[in-house]
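Asker: Residue numbers (our numbering), protein chains in the order written: chain R, 109 to 230; chain E, 21 to 376.
Certain hints may be false.
Said to hold, decoys possible - Think about it this way: if two alpha-carbon atoms lie no more than 30 Å apart in a straight line, the pair counts; the simulated DSS-like pairs of lysine-lysine are: (1) R/Lys-140 to E/Lys-189; (2) E/Lys-68 to R/Lys-218; (3) E/Lys-195 to E/Lys-182; (4) R/Lys-213 to E/Lys-68; (5) E/Lys-190 to R/Lys-136; (6) E/Lys-241 to R/Lys-159; (7) E/Lys-291 to E/Lys-228; (8) R/Lys-122 to E/Lys-291.
The hints are simulated quantities; they were obtained by calculation from the structure and are not laboratory data.
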Amino acid sequence: MRLITHNMLSSNIKGVTNGFPLRIEAEKVVEKEVDFNPDFLRNMFSKIEWKALTDASKALGYAELPEETEPSMLESELFLRKLHHALLELHLEEGALVCPETGRKFPVNKGIPNMLLHEDEV
Amino acid sequence: MDFLTLFCTATASILAGGLYWFVCVLGSAEQKGKAATQLSGGSIAHEKVQDKFKQYWTFFRRPKEIETAEKVPAFVDTFYNLVTDIYEWGWGQSFHFSPSIPGKSHRDATRLHEEMAVDLINVGPGKRILDAGCGVGGPMRAIAAHSGANVVGITINEYQVKRARLHNKKAGLDKLCEVVCGNFLQMPFEDNSFDGAYSIEATCHAPKLEDVYGEIYRVLKPGSLYVSYEWVTTEAYNPESADHVEIIQEIERGDALPGLRSCKNIAEKAKKVGFEVITEKDLSSPPAQPWWSRLKMGRIAYWRNHIVVTCLAWLGIAPKGVVDVHEMLFVTADYLTRGGETGIFTPMYMILCRKP
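So here's chain R without its partners, still in its complex pose (with noise of 0.2 Å):
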């Protein structure tokens, strides 16, 4: 699972007020190379929940992302590798995604988070 999936991941457990973003639990983390198209990942920026990203690119092992970022930073390349690679390079394989508010663990096995509920929590 890459970040730019995890980045629109939400706990949906009845009851929970704010199930994003979850917290990554990693076991296993691979890279995976993708060819760089700038002009996808400018488009895709204004999409993105900065904080949540940044949080999770550190879980993953991966801390050069800026906190804060404006505009003009996208017409930096270096920028733009940056969240290239840990926006779509970075792959958790094995570990869990937690509900920020009851702590249950979403597992992610080969890659697939699986996200569905048990009874209980529906």
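Start from chain R and add chain E according to the hints.
Answerer: The following block gives chain E in isolation, referenced to the frame of chain R:
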């Protein structure tokens, strides 16, 4: 080498080649697609497939009388564990129907039907859209390639997520496509997070249509569009006719459907959750050519596949239950065909909605 030895060797080679072709090549819906020797019960262990099938068949005995609607998702998951490999093998990666188009292959007709869905919701590169009930991702790939939009698919079946990701990677579309394992009745996405959504012949698995519509409405950004291709009974359906009822009930049973809705009720359910209905249309009505002709052609393929699957099960290569599942799908295909020919059922009732 004397003539007799040469003759025997040649005959044996031809027979071996023929057998290989029969088992591994014929029957496959696409070149380099799933082979019969790879059939499994999805996430179900080899020896448990037949039992799981029996459980499934008993549960869906009388779909409209299912009291325990909460159990439906688990049985839909079981259904897809049982059928996903057979569908990929015998049908392709897009688990849905399309109007047939003279002169075009099934694959092309399917792709055009999928591309039309994304054209209707008017999205392009940089937009993020939801595929509710994405299967192994056939539509997702065609749609991402055609529109350039980022597609996030959700399916309740973990085996399908695995298959979808594999296909996405092979197609070079894993940057645009992502798949999550979840229940579309409780989606793990924030409110107002998608620029558009579509569901192709998937919402029929929800016990109550408004529940899945409500979730899709929730995760869409205001101003976005949602298109759904629904499985429904048409105005021609007569609930007093024993024949009609039998056809619909057997379709429900063989496809894990808790109860088919009528085309007359779809718009009201969309409006109930807050959508504005822009348009609705039965895409199978003329001049569209029959969607069921592909099923009818499958009758010839059935017997060939039946032999292959039975042999593989006997050899222990395929799980025993796969023969039962294959048979169920064939019987169901017959009812689907009758549904199409009598005009009482359509799998492509299109509804286009907007979140205000």
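Asker: Now tell me, hint by hint, if it's right for this structure.
Answerer: Here is what the structure says about each hint:
1. R/Lys-140 to E/Lys-189: Holds - the C-alpha atoms of E/Lys-189 and R/Lys-140 are around 11 Å apart, at most 30 Å.
2. E/Lys-68 to R/Lys-218: holds (23 Å)
3. E/Lys-195 to E/Lys-182: holds (16 Å)
4. R/Lys-213 to E/Lys-68: Answer holds: R/Lys-213 to E/Lys-68 is near 28 Å, not above 30 Å.
5. E/Lys-190 to R/Lys-136: It holds: about 23 Å lies between the C-alpha atoms, which stays within 30 Å.
6. E/Lys-241 to R/Lys-159: Status holds; Cα separation ~21 Å.
7. E/Lys-291 to E/Lys-228: Judged against 30 Å, a Cα distance of about 14 Å means the pair holds.
8. R/Lys-122 to E/Lys-291: Cα-Cα ~25 Å, so holds.
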